[in-house]
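J.: Line by line, the protein sequences are chains P and F.
Okay, so the first sequence: first residue is 3 according to the working numbering, each after it adds one.
Okay, so the second sequence: first residue is 89 according to the working numbering, each after it adds one.
Calculated directly from the structure, the hints in this document are not laboratory data.
Predicted, not measured: the structure shown is a model, and the values here were computed from it.
Incorrect hints may appear among the rest.
[As the list claims (entries may be wrong)] Derived coverage of chain F by chain P (criterion: at least 3 residues anywhere in the stretch with Cβ under 8 Å from a Cβ of chain P; other residues may be distant):
| id | region |
| --- | --- |
| 1 | 101-110 |
| 2 | 145-154 |
[Said to hold, decoys possible] Using 27 Å as the maximum straight-line C-alpha spacing, the simulated BS3-like pairs for lysine-lysine come out as follows:
| id | chain 1 | residue 1 | chain 2 | residue 2 |
| --- | --- | --- | --- | --- |
| 3 | P | Lys22 | P | Lys43 |
| 4 | F | Lys89 | P | Lys16 |
| 5 | P | Lys57 | P | Lys22 |
| 6 | P | Lys68 | F | Lys89 |
| 7 | F | Lys130 | P | Lys66 |
| 8 | P | Lys22 | F | Lys156 |
| 9 | P | Lys22 | P | Lys66 |
| 10 | P | Lys16 | P | Lys66 |
| 11 | F | Lys156 | P | Lys66 |
| 12 | P | Lys43 | P | Lys57 |
| 13 | F | Lys130 | P | Lys43 |
| 14 | P | Lys68 | P | Lys57 |
| 15 | P | Lys22 | P | Lys68 |
| 16 | P | Lys68 | F | Lys156 |
| 17 | F | Lys156 | P | Lys16 |
| 18 | P | Lys57 | F | Lys156 |
| 19 | F | Lys190 | F | Lys130 |
| 20 | P | Lys68 | P | Lys43 |
| 21 | P | Lys16 | P | Lys68 |
| 22 | F | Lys89 | F | Lys156 |
| 23 | P | Lys22 | F | Lys89 |
| 24 | P | Lys22 | F | Lys130 |
| 25 | P | Lys68 | F | Lys190 |
| 26 | F | Lys89 | F | Lys190 |
By construction, the Cβ of each residue, glycine as well, lies at the ideal position given by its N, Cα and C atoms.
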Amino acid sequence: GAVVSQHPSRVICKSGTSVKIECRSLDFQATTMFWYRQFPKQSLMLMATSNEGSKATYEQGVEKDKFLINHASLTLSTLTVTSAHPEDSSFYICSAKSTGRRARTDTQYFGPGTRLTVL
Amino acid sequence: KQEVTQIPAALSVPEGENLVLNCSFTDSAIYNLQWFRQDPGKGLTSLLLIQSSQREQTSGRLNASLDKSSGRSTLYIAASQPGDSATYLCAVSGYSTLTFGKGTMLLVSP
């Protein structure tokens with residue numbers, strides 16, 4: 003149980019286009035979802051925290067107009083990278099915290115990640 | 089601000105060796121600590137979760153310890169195998185977020 007999926011797993015896009023990444027909790031409801039970014043050989047860096055039905059909270063230095071987060075339901079959050087540039091190329095990972103009915107509430111369950119390459 | 093450091097950054101051992109990965113954190117006010125495994129280009133697999141009130145957790149050949157007062161955790165891998173080759177990440181949970189270390193890249197050679 004407690005499976006989180008991400009789609010797509012890989013995406014290549016041209017500079018200036020927008021890319022949407024989906025994060026879904028498959029068998030539990032997630033009160034909170036998190037978006038991380040990981041550069042090569044670096045640790046995961048938290049970008050933003052989103053709670054269902056409310057605006058996301060962004061970490062310092064993360065542009066909210068560039069990285070649009072929508073947490074429309076208890077099982078789905080989306081990250082849209084707007085007007086992507088090569089420096090946005092990275093590995094994006096989402097995680098979800100359970101409401102407690104079908105998974106632990108003190109644990110973040112991680113998706114498999116999305117590799118974004120901007121040409 | 090919480091900072092997590094992992095030592096060593098990389099480790100290469102022959103198959104069968106027992107090994108220890110180290111993790112230290114600056115703020116001891118934590119809820120729990122997790123060890124993850126990450127294969128190249130893949131997401132995270134949770135290995136062990138230690139609550140702040142616990143001292144250690146075991147799963148198969150893995151044993152993780154936590155000394156909250158000194159801000160340290162270790163991951164012990166017994167009888168290492170080539171399939172253990174991966175990057176191991178330590179993450180500390182604060183009130184609402186996780187702070188990750190940069191990881192230890194482990195290579196176990198046959």
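J.: Each hint: holds or not?
T.: These are the hints, each one checked on the structure:
{"no.": "1", "hint": "101-110", "result": "violated (count 0)"}
{"no.": "2", "hint": "145-154", "result": "violated (count 0)"}
{"no.": "3", "hint": "P:Lys22 to P:Lys43", "result": "holds (24 Å)"}
{"no.": "4", "hint": "F:Lys89 to P:Lys16", "result": "violated (36 Å)"}
{"no.": "5", "hint": "P:Lys57 to P:Lys22", "result": "holds (17 Å)"}
{"no.": "6", "hint": "P:Lys68 to F:Lys89", "result": "holds (25 Å)"}
{"no.": "7", "hint": "F:Lys130 to P:Lys66", "result": "holds (26 Å)"}
{"no.": "8", "hint": "P:Lys22 to F:Lys156", "result": "violated (40 Å)"}
{"no.": "9", "hint": "P:Lys22 to P:Lys66", "result": "holds (14 Å)"}
{"no.": "10", "hint": "P:Lys16 to P:Lys66", "result": "holds (21 Å)"}
{"no.": "11", "hint": "F:Lys156 to P:Lys66", "result": "violated (35 Å)"}
{"no.": "12", "hint": "P:Lys43 to P:Lys57", "result": "violated (31 Å)"}
{"no.": "13", "hint": "F:Lys130 to P:Lys43", "result": "holds (13 Å)"}
{"no.": "14", "hint": "P:Lys68 to P:Lys57", "result": "holds (15 Å)"}
{"no.": "15", "hint": "P:Lys22 to P:Lys68", "result": "holds (12 Å)"}
{"no.": "16", "hint": "P:Lys68 to F:Lys156", "result": "violated (38 Å)"}
{"no.": "17", "hint": "F:Lys156 to P:Lys16", "result": "violated (47 Å)"}
{"no.": "18", "hint": "P:Lys57 to F:Lys156", "result": "violated (34 Å)"}
{"no.": "19", "hint": "F:Lys190 to F:Lys130", "result": "holds (15 Å)"}
{"no.": "20", "hint": "P:Lys68 to P:Lys43", "result": "holds (24 Å)"}
{"no.": "21", "hint": "P:Lys16 to P:Lys68", "result": "holds (16 Å)"}
{"no.": "22", "hint": "F:Lys89 to F:Lys156", "result": "holds (16 Å)"}
{"no.": "23", "hint": "P:Lys22 to F:Lys89", "result": "violated (31 Å)"}
{"no.": "24", "hint": "P:Lys22 to F:Lys130", "result": "holds (19 Å)"}
{"no.": "25", "hint": "P:Lys68 to F:Lys190", "result": "holds (25 Å)"}
{"no.": "26", "hint": "F:Lys89 to F:Lys190", "result": "holds (16 Å)"}
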